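Participant: One letter stands for each residue in the lines below.
2 protein chains.
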Amino acid sequence: MRGLSLNQITTKGWTLPEAVRGCAEAGIEGIGLWRDKVAETGVARAAKLCRDAGLTVSSLCRGGFLTAATPEGRRAALADNLQAIEEAAELGTDTLVLVVGGLPEGSRDLPGARAAVADLLGELAPHAGDFGVRLAIEPLHPMFCADRAVVSTLGQALDLAEPFPASQVGVVVDSYHVWWDPQLAQQIARAGERIAAYQLCDWTLPLPADALLGRGHVGDGHIDFRALDAMVAAAGYTGWIEVEIFNQQIWDTPGAETLRTLIERHRAHVAAL
Amino acid sequence: MRGLSLNQITTKGWTLPEAVRGCAEAGIEGIGLWRDKVAETGVARAAKLCRDAGLTVSSLCRGGFLTAATPEGRRAALADNLQAIEEAAELGTDTLVLVVGGLPEGSRDLPGARAAVADLLGELAPHAGDFGVRLAIEPLHPMFCADRAVVSTLGQALDLAEPFPASQVGVVVDSYHVWWDPQLAQQIARAGERIAAYQLCDWTLPLPADALLGRGHVGDGHIDFRALDAMVAAAGYTGWIEVEIFNQQIWDTPGAETLRTLIERHRAHVAAL
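Chains A and B, in that order, are what the protein sequence lines are.
Counting with our numbering, you get residues 1 to 273 for the letters of the first sequence.
Counting with our numbering, you get residues 274 to 546 for the letters of the second sequence.
Since the hints were made in silico from the structure, they are not lab data.
Don't take every hint at face value.
Restraint-style ranges between C-beta atoms, simulated for each label pair [to be verified]:
(1) A:GLY106 with B:GLN521: 21 to 29 Å
(2) B:GLU345 with A:GLY132: 40 to 48 Å
(3) B:GLN356 with A:LEU213: 38 to 46 Å
(4) B:ASP392 with A:ARG267: 30 to 38 Å
Residues of chain A placed beyond 12 Å of chain B at every Cβ, according to the derived structure [claimed, not checked]:
(5) THR15
(6) GLU18
(7) TRP34
(8) ASP52
(9) ALA69
(10) ASP80
(11) THR153
(12) PRO206
(13) GLY219
(14) THR253
(15) THR261
If you're wondering where the values come from, they're calculated on a predicted model, not measured in any experiment.
Every residue, glycine too, gets a C-beta built ideally from N, C-alpha and C.
Okay, chain A solo, but in the shape it has when bound (with noise of 0.2 Å):
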């Protein structure tokens, strides 16, 4: 399956070792891996895994959460940053997916903490770039904005990186996130080279009760994938198509199975390779 990476959370179950597996065996040549699997396996065998099962490491999740108050609050948001960046390099990939996080505990103040998350980048960004690493920022769903990412449009991401050199930051495109925005094809068009990592999963209704874990399969619920798919291509995106699903049901299903259900929709819905 060129092209199609499985994003770790959507096995959630699995532990890395586990996913590594189920990818070699199911013929899925990417991986997005989740730093809490990364740790519970340990970086460097994590990295050695994944080399030795001819996988490529799409992407790393994630570092971020940069709109703390206090000036403790930012030093730790550092802190975690720089330690998620070496973590990537060492893992062997070019691309750390960056969840900005929301407003501070009791602040009703949006536009200080997207300042924040600019000033943040900023220092981030050269380190970023002196370990190979792009700093991919996600813009999350909008019903997301005050709990855990202020960053609502793929707009919006584009205006944050532009400052800096696209190899060192980029944005993320996950269709989950971003499918319903009217500027979504003259954003991704704006991004081209931006484009650090692309991610899918369905729109699904009703909401669950954690609104967190409302995703569903690609085909399952509302999103055209193909003209989604087209607008990417068109901005000259050739990438990895991490899918990256949270749901409660599908973290139930057994692995292999899951990854059996990818291969499909990713088939049928996406790349009919």
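Position chain B relative to chain A; hints supplied.
Facilitator: Frame of chain A; chain B shown alone:
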């Protein structure tokens, strides 16, 4: 309480006569009516009740649902909206709020649904003008894009309104739906005299099981109302400030108590009169 209007959904348990009496007793001088409540009471009687109580009808909620994919669906939507325009005129309000509708059943064609909205607006706007009623396009939060409103941002609503005279087509600024928008300040400034209605409630977390009902009293959530109010005032808006809250707990509270809270929060967070 100059400026404050009760959107009737906030006291969902009240009939229209009860809501009119409640406003009069609380000293609230504006009311936003809902068509189902108006139908229970009868349009002529509802109009008379409001007039006799000295209440201004700040808006009628709601027309819209313009995304039908079939000719029959389009005809039915047109007929219903023409009736809503006449009801608004008879109730003495110049503002008909439009919730434009989501994707047609089984469709993933978001650009198509958006084009259908533009088409039907073109048919409705002159009729609205004939009755002295303005169609107020309400951008809904992007989490309602699939099932309720394919118009998701103020900028998009203004693009849709632009071909028409401002006296025929305007927009709604509803804090809950637009607060997250990185382009908010710039689009409110652009809106100027297109702002036909201004509605308030707060963004509270976590989202409830029914995502429609996650709205809170002004001051209970994450929105900076003074900042929003300054933008809307700077755009030249001098009309009513409707409080419109969908929240089961508030609906279960006695109406008179809810109105006391509205007034208290209006003083504390919006207009300190």
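Participant: With reference to the structure, classify each hint as holding or not holding.
Facilitator: Structure-based check of all given hints:
Taking 21 to 29 Å as the suggested C-beta distance range, the pair GLY106 (chain A) and GLN521 (chain B) conforms, at roughly 25 Å. For GLU345 (chain B) and GLY132 (chain A), the Cβ-Cβ distance of about 59 Å falls outside the hinted range of 40 to 48 Å, so the restraint is violated. A C-beta distance of roughly 41 Å is found between GLN356 (chain B) and LEU213 (chain A), which places it inside the suggested range of 38 to 46 Å. Checked against the given bound of 30 to 38 Å, the beta carbons of ASP392 (chain B) and ARG267 (chain A), roughly 36 Å apart, stay inside it.
Interface exclusion of THR15 (chain A) from chain B stands, the closest Cβ pair being 30 Å apart, more than 12 Å. No Cβ of chain B comes within 12 Å of the Cβ of GLU18 (chain A); the nearest lies about 31 Å off, and the non-interface call holds. The claim that TRP34 (chain A) is not at the interface with chain B holds, since no C-beta of that chain comes within 12 Å of its own (minimum 23 Å). Residue placement check: ASP52 (chain A) keeps its beta carbon more than 12 Å from all beta carbons of chain B (closest about 40 Å).
The non-interface label for ALA69 (chain A) is consistent with chain B: the shortest C-beta to C-beta separation is roughly 14 Å, beyond 12 Å. No Cβ of chain B approaches the Cβ of ASP80 (chain A) within 12 Å, the least distance being about 24 Å, so the stated non-interface status holds. Residue-level check failed: THR153 (chain A) sits 6 Å from the nearest beta carbon of chain B, not beyond 12 Å. Listed as outside the interface, PRO206 (chain A) is inconsistent with that label: its C-beta sits roughly 7 Å from the nearest C-beta of chain B, within the 12 Å cut-off.
Listed as outside the interface, GLY219 (chain A) is inconsistent with that label: its C-beta sits roughly 10 Å from the nearest C-beta of chain B, within the 12 Å cut-off. Chain B leaves THR253 (chain A) outside its interface by the beta-carbon criterion, the shortest separation being 23 Å against a cut-off of 12 Å. Once the 12 Å rule is applied to beta carbons, THR261 (chain A) is consistent with being away from chain B; the minimum gap is 19 Å.
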